[in-house]
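If you're matching positions, the sequence shown starts at -8 in the working numbering and goes up one per residue.
Derived from the structure by calculation, the hints contain no laboratory data.
Incorrect hints may have been included.
[Stated by the list, open to error] Taking lysine to any residue pairs in the SDA-like style, the calculated list, with each CA pair at most 25 Å apart, reads:
#1 Lys261 - Asn208
#2 Lys143 - Glu87
#3 Lys194 - Leu125
#4 Lys264 - Glu276
#5 Lys55 - Tyr102
#6 Lys55 - Leu141
#7 Lys108 - Glu130
#8 Lys70 - Glu130
#9 Lys132 - Glu217
#10 Lys143 - Asp115
#11 Lys143 - Ala111
#12 Lys143 - Pro124
#13 Lys108 - Glu82
#14 Lys261 - Val245
#15 Lys226 - Phe167
#16 Lys161 - Leu255
#17 Lys264 - Leu159
#18 Lys143 - Ala77
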Amino acid sequence: MEHELNELHKHISAQGILVQDLMSGVCRELDEWNQVIGDIQEADQNLENCELEEPLSNEEEDHKRLFLENIDVLLAELKVEEALEALDAEERSHPELKGSEDTSSTEPSSYKSAFLKRKAMLEDQLIEITDQPLVGIVELKKALSGLIKLGKGPLAHQLLLKYYGCRLQKNIKAFFTLCSSYPETYSATLSNIVFSTISLTTKESRLIFGDNPTYTNRVIQWAEWEIECFIRLVKENAPPSETVNALRAASICVQASLSHCSALESQGLKLSKLLLVLLRPYIEEVLELNFRRGRRVVLDFAGTDESLPLSPHFASPLSIYATSSDSPFIDSGMRFIFIVKQWL
-8 MEHELNELHK HISAQGILVQ DLMSGVCREL DEWNQVIGDI QEADQNLENC ELEEPLSNEE
52 EDHKRLFLEN IDVLLAELKV EEALEALDAE ERSHPELKGS EDTSSTEPSS YKSAFLKRKA
112 MLEDQLIEIT DQPLVGIVEL KKALSGLIKL GKGPLAHQLL LKYYGCRLQK NIKAFFTLCS
172 SYPETYSATL SNIVFSTISL TTKESRLIFG DNPTYTNRVI QWAEWEIECF IRLVKENAPP
232 SETVNALRAA SICVQASLSH CSALESQGLK LSKLLLVLLR PYIEEVLELN FRRGRRVVLD
292 FAGTDESLPL SPHFASPLSI YATSSDSPFI DSGMRFIFIV KQWL
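Based on the sequences and whatever the hints tell you, model everything.
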């Protein structure tokens, strides 16, 4: 009996070990199965994500390709306004396209490089518009506004000053064909041409670029340079400095130019001091030479006893009061009037 109980106990123990081994194997198989199932599910999820991303990537590439093709067509047809609007809209949709390529940072995308290349081509077309000899003010303003939108404000302002500088030179050149007919009013007319152009340029600069101090200072520098050219032209084309015509022309030039400078002060341009500094040597030269001429006339007439011819306008009134005893005084008066007429 005892022997049978021992055998039964051994059998139960063996069965327990077997059951434990079986349970351990089953758990291990379940863990491996769960891991395989997880890997399969992850792979399926990645596959689904790839399938979703691929259409989006293809759609984005198609958009970029079509956009660049559209810009190329607009540039080829010189439709700068439409090209500018398209580039601006694309930049708003893709902020990363703004700015220039920076080789020191991360490598720019091929699309950004292509985008900036088209942007540079548009800039060149706008510059070409401003350089056309017969470009009108309306077309000029549109081109300058386009350059400002492209972030080229300083370049646009430089082109504005260049346009009005060329326009001024053309007006002066056209005036030169007539200036010989009006030697005394030459400087006044030239002053009007120069200062009216400066005034117009100042107004247009303020309308397009606002009251930016940087652009205002550039206008002032440009105006000062044009005034220097104006004074040089006055000296080169004025009558000989020792003549009475030079004296009249100089006085008219000073009066007209100072009047224009006074008007420009309301626009923020104070040019009177510069004008006087530049004109002073010329005015002093004209006054000095005319004074010497007048002194020579006085000395020449003082050394002669010849009677001087006088116009009837002055001779008739004086002859009414002329007597034999007054003849020396009358002769001196006639000499004085003749000298004044010759000098002035």
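Okay, the hints, checked on the actual structure:
1. Lys261 - Asn208: Between Lys261 and Asn208 the Cα gap is close to 12 Å, so the pair holds against 25 Å.
2. Lys143 - Glu87: holds, 19 Å
3. Lys194 - Leu125: holds, 21 Å
4. Lys264 - Glu276: holds, 19 Å
5. Lys55 - Tyr102: Holds - the C-alpha atoms of Tyr102 and Lys55 are around 7 Å apart, at most 25 Å.
6. Lys55 - Leu141: holds, 20 Å
7. Lys108 - Glu130: holds, 24 Å
8. Lys70 - Glu130: holds, 13 Å
9. Lys132 - Glu217: Given that 25 Å is the threshold and the Cα spacing comes to 22 Å, the pair holds.
10. Lys143 - Asp115: holds, 11 Å
11. Lys143 - Ala111: holds, 11 Å
12. Lys143 - Pro124: Measuring from Cα to Cα gives roughly 22 Å; hence the hint holds.
13. Lys108 - Glu82: Given pair Lys108, Glu82 holds - Cα atoms ~14 Å apart, limit 25 Å.
14. Lys261 - Val245: Measuring from Cα to Cα gives roughly 16 Å; hence the hint holds.
15. Lys226 - Phe167: Roughly 14 Å separates the two Cα atoms, so the pair holds.
16. Lys161 - Leu255: Holds. Lys161 to Leu255 sits at ~22 Å (cutoff 25 Å).
17. Lys264 - Leu159: Distance ~22 Å between Lys264 and Leu159 Cα, so the pair holds.
18. Lys143 - Ala77: Measuring from Cα to Cα gives roughly 18 Å; hence the hint holds.
In this structure, every one of the numbered hints holds.
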